[in-house]
Amino acid sequence: MQETPEDRFFRELGGAWAELRQAFARHVGMSAQRVQVLVRLRRAGETSHSDLRQALGVDGASVTRLVKELEAEGLAGRRLDPADNRYTLAALTPAGERLAAELERSHQEYQERLLDGVSAQEQETVLRVLRRVRANVTGQETP
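Residue numbers (this note's numbering): 2 to 144.
The hints are simulated quantities; they were obtained by calculation from the structure and are not laboratory data.
Treat the numbers as computed from the prediction; the structure is a model and nothing was measured.
Heads up, the beta-carbon is just placed ideally off N, CA and C, and yes, glycines get one too.
Hints may contain errors.
[Unchecked claim] Simulated pairs of lysine to any residue, SDA-like, Cα-Cα distance not exceeding 20 angstroms:
hint, residue 1, residue 2
1, Lys69, Gln37
2, Lys69, Ala92
3, Lys69, Val36
4, Lys69, Asp52
5, Lys69, Arg54
6, Lys69, Ser49
7, Lys69, Thr89
8, Lys69, Ser107
9, Lys69, Arg87
10, Lys69, Arg106
11, Lys69, His50
[As the list claims (entries may be wrong)] Label pairs and their calculated CB-CB ranges:
hint, residue 1, residue 2, range
12, Pro95, Glu142, 42 to 50 angstroms
13, Val130, His28, 24 to 32 angstroms
14, Glu113, Gly30, 46 to 54 angstroms
15, Glu103, Asp8, 34 to 42 angstroms
16, Leu116, Thr139, 52 to 60 angstroms
17, Asp117, Gly75, 34 to 42 angstroms
Could you build the full structure based on these sequences and the hints that come with them?
This is how it looks when you write it as structure tokens:
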């Protein structure tokens with residue numbers, strides 16, 4: 002059976018997504034989950050492990066392991082939630098804040114490099130196509 006244009010579209014889309022998910026983490030030399038935890042804590046401030054788990058889509062054991070690693074490196078701290086000691090809260094230390102800020106700056110530069118040679122019009126066209134595909138998936142109208 003010959004590959005259809007639809008097959009090619011979704012193969013390319015899937016391949017691009019798979020590459021993009023890990024590309025920045027490889028670029029900075031750390032796991033994607035580690036980058037996500039650092040940036041999430043920087044943006045949200047002190048956050049429960051439970052909220053991190055939900056936001057990042059990982060299991061509780063992974064969040065605990067990641068936060069403990071960051072704590073051991075002096076990048077994060079943990080404490081019991083004073084309102085409910087069943088929950089553990091995590092927050093960045095000043096060193097963690099500096100690293101997360103640098104990751105965000107580096108990520109912005111990385112995205113700009115990835116889009117080098119892609120015009121604003123081409124970016125907008127891709128965005129419209131992706132919104133239409135998502136709307137088709139969910140059965141909703143395009144925003």
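So, going through the hints one by one against the coordinates:
| no. | hint | in the structure |
| --- | --- | --- |
| 1 | Lys69 - Gln37 | 15 angstroms, holds |
| 2 | Lys69 - Ala92 | 11 angstroms, holds |
| 3 | Lys69 - Val36 | 14 angstroms, holds |
| 4 | Lys69 - Asp52 | 16 angstroms, holds |
| 5 | Lys69 - Arg54 | 14 angstroms, holds |
| 6 | Lys69 - Ser49 | 13 angstroms, holds |
| 7 | Lys69 - Thr89 | 11 angstroms, holds |
| 8 | Lys69 - Ser107 | 24 angstroms, violated |
| 9 | Lys69 - Arg87 | 17 angstroms, holds |
| 10 | Lys69 - Arg106 | 25 angstroms, violated |
| 11 | Lys69 - His50 | 11 angstroms, holds |
| 12 | Pro95 - Glu142: 42 to 50 angstroms | 46 angstroms, holds |
| 13 | Val130 - His28: 24 to 32 angstroms | 26 angstroms, holds |
| 14 | Glu113 - Gly30: 46 to 54 angstroms | 20 angstroms, violated |
| 15 | Glu103 - Asp8: 34 to 42 angstroms | 41 angstroms, holds |
| 16 | Leu116 - Thr139: 52 to 60 angstroms | 27 angstroms, violated |
| 17 | Asp117 - Gly75: 34 to 42 angstroms | 36 angstroms, holds |
The structure fails to meet hints 8, 10, 14 and 16 from the earlier list, while all remaining hints are met.
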